[in-house]
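**Q** One-letter residues, chain by chain:
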Amino acid sequence: MGSWQVQSNRWLASHAWFLPACGIVIVLVLPHVALVWRAVEAYSASGLQLVGHMWQLMVINTTGLLVVVGVATACIGVVLAWLLVAYTFPGATVYRVALLLPLAIPPYIGAYTYHGITQYTGVVQTTLRSWGIAVAPGTLDMMTFSGAAFVFTVFLFPYVYSVCYVFLGTRCAHVIESARTLGVGGVALFLRIVVPICRLALFSGVGVVVLEVLNDYGVVHYYGIVTFTSAVVTLWVGIGDVSGAIALALCGMGIALALVFAEQGLRGRRQYRIAAAKQRVLRRRALHGWRGVLASLACAVLVLFGFVVPVAQLIAWAWQMHVPSAWDALRDALGHSLLVSGCGAVLIVVCSVMIANAARWHRGRVGVLLTRCALFGYAMPGAVVAVGVLAIVIPLEDAMHDVLVFFGADVAHGRWLSATLVMLVYGLVVRYIGVGMQAVDAGFVRIGKTYAEASRALGLTVTQTFWRVDAPLMRRALWIAALLCAVDLMKELPLSLLLQPYNFTTLATEVFYDVRDERIYDAALASLWMIVLSVIGMLLVHAMTRQEQKGE
Amino acid sequence: MRHVVMAVCVMSMLAGCAPKEVAERIVNVYTSRHYAQDDALYAQFTKQTGIRVNVIKGEGPELLERLVREKNSPSADAYMTADAGMLHRAKSAGVLAPLDEDTVRHVPDRWRDRDRHWVAVTKRARVIVYNKARVSAQEAPQTYEALTEAKWRNRVLIRSSGNVYNQSLAASFLALWGEEKTKQWASGIVTNMARPPKGGDRDQAKAVIAGEGDVAVMNTYYLGQMLNSTDEQERLVAQQLGIVWPNQETTGTHVNVSGIGIVKGAQHATEAQQLIAFLTGDEAQRQFAATNYEYPIVPDVAPSELLRSWGTFREQTVGASVIGENNAAATKLLIETGWK
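Sequences listed follow chains V and E, in order.
Numbers 1 to 552, taken from this note's numbering, label the letters of the first sequence in order.
Numbers 1001 to 1340, taken from this note's numbering, label the letters of the second sequence in order.
Possibly wrong hints are sitting among the right ones.
What the hints assert, rightly or not - If you want the footprint, here are the derived chain V segments under chain E, 3+ residues with CB under 8 angstroms: (1) 115-124; (2) 236-244; (3) 496-507; (4) 516-524.
The hints are simulated quantities; they were obtained by calculation from the structure and are not laboratory data.
Even glycine gets a Cβ: it sits at the ideal position worked out from N, Cα and C.
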């Protein structure tokens, strides 16, 4: 009973979060290690050489899309956020919520819907024809580079808008009010104060948009645009070169992560602390006359294109189908979607809290490394992540079986991970932990460390501090994180498709089955259900964010 | 030591979730076909035999990756997918086992793998359609080769080289014509394209009627779907299309298949054999043909009324095996000619 045991107990207590967090990160990173192995195992250059035939197109289209969509969403997001934070104008209260709605529509559904609207048999051209106006073939074509950029922009800009809105609304009221008192106003205030001050929020929002565009396959494949991810899929689906596809995807992940970390590096050690003792909500000014109308119009256009138009078209298609029996088939899918996104979201939040809290108390590089490793999954196409998950889970099952047999157990080789929801949920956590981490991290930054440090100084352990101090303060932030993840998981496709257990369909897979067979009309009902559930999620997030702001 | 005991206990509990199947007979299927008709047939099979069919529906190549990973102890018993190229890929990956001769005896040789690793279930023809208002029946291209003639410059619509149906088409040409001529043909098509390839088969048909081009290559399956679409405008488009059965005087019209095989090491191989015999049997074949606009594989079963109304046609004699084997070379060739 020496001092050694006391010391080791103390060490264990102080690492009570750090060690499990390391464990979680290792489990989450394993699929990526497996991918490297899978890429090397059967690597041959021939597939990659073949894709090399299109490399120019691939590079031009990918960078083009990233730049155009990144800049467009950045401009739209920050301008709208500023308008709605700082001013009142006709309809502003509605727009504050309505501008989040485009996130409820996955871009691939948006792409099919917009093509459906504008194509030869679509409502626009048929109406014009009935008026005797002939549209020259190809003029209304959505299936172009600009069409894809449009689709990405109108469905992804809320990622930027929402981050900037929250940031501007809660964290810089004092700066802006001071600037106003000093006589800076209008455009000058926006360009000289607002944009620089919400630079970080802007970067993180655009970062999400960039990763979404980079890893999208649905839109670019259907619109026939050769990009990085479509090359990955060509290698895999077209040529059957899985290793080559993975190698290419890993390169992509490297570039994406380099960009993300470069941005974080630029930010450096600067931490933005709020100088004011109490955070204030900015007093809004009224926009009168044509300015008010213009602001209102700008918001209306985005809500219209990002939500109202595609939803209206989907409702029209669902109506046209008029098959009441479709509901029976959808009921299971609906239940499964809720189950998967619920389980996944809860697990993601738990893991995120473990990692973020460990990193928060663990100074130095290891803590940072933990949070960064969690981002890997989000920087890769979902289908590739799924391959990594398969390459971990299935050998694990085989090994488990061997161990049981070694101990003399007489059991069948049960696929108790891959034939159940375990594998799918694991895959979803690997892919979307980044989304949860971001939200949970934001929560921790928000509550600061002052109370927690006081609690530690009074002798409470990290765990006690978490339950007694942090958790009550974080309650809403955790709900927000869970809901954000649930909305993403609801729309998720490639992982659900590849890792699903038997006889298991979700709303997203139902949509996929119809859409792949070029029956977008039949997919309308499932799409609408998916959108309704996502909208409910988004509205809850919005309500909670507002409560949290008021609660300060 | 306590921990080790605990771990073993937990593991045995987990393993308890997967007890050895005793009573119920089942068959597990990985399929890339997502049709209501397939589900209906599985239900009938269960009714007839008492064997429950468990299904995972996904994409062919992805399900194959899952099969490859599960090689040591597969959970799937049968793998069903569209296109001979995909079936051949599964065979090459070593995940399929030969079918019993009895199971596939009634299927013509051309529609099954030479080593009986898979057998076709349905087939679809890849035809040429044209805008009846702008192209007369005499003028319409009568062969796949005719699509490369100078008069069709900027008038041909066809999907991307990533599409398996196009890969199979080129694979059949590799068998019939050899590499040089196939390459010339592919380059000719690329030159004559009305626009860069995009969208699905239906989109090619619509672009023909919209006037972006005048002729398109498409699958009979989608033509049937369009003619019976719930969307009135889509039906109108389909009605304005003329159909050509290409190469009737020469090598015949290209046909591609959906097929099924038994997974090597399958736990329910007997049940899987039964399912395959059922799907290639007369009753199932009749239903595929009647409701899914696909052609039956078995000679005794007649196609649906709609398909019969398009007339009979001569098929390519290239076996599905060969098309599968040529898939990789064909895809490479298409990409090299700049076919996006």
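**Q** Give a verdict on every hint.
**A** Here is what the structure says about each hint:
Remark: the stretch 115-124 of chain V is confirmed as covered by chain E, as 5 of its residues place a Cβ nearer than 8 angstroms to a Cβ of that chain, reaching the required three. Only residues whose C-beta sits within less than 8 angstroms of a C-beta in chain E count toward coverage, and the stretch 236-244 of chain V has 6 of them, enough to reach three; the restraint holds. Only residues whose beta carbon comes within less than 8 angstroms of a beta carbon in chain E count, and the stretch 496-507 of chain V has 8; three or more means the coverage holds. Only when three residues or more bring their CB closer than 8 angstroms to a CB of chain E does the claim for the stretch 516-524 of chain V stand; here the count is 6, and the claim holds.
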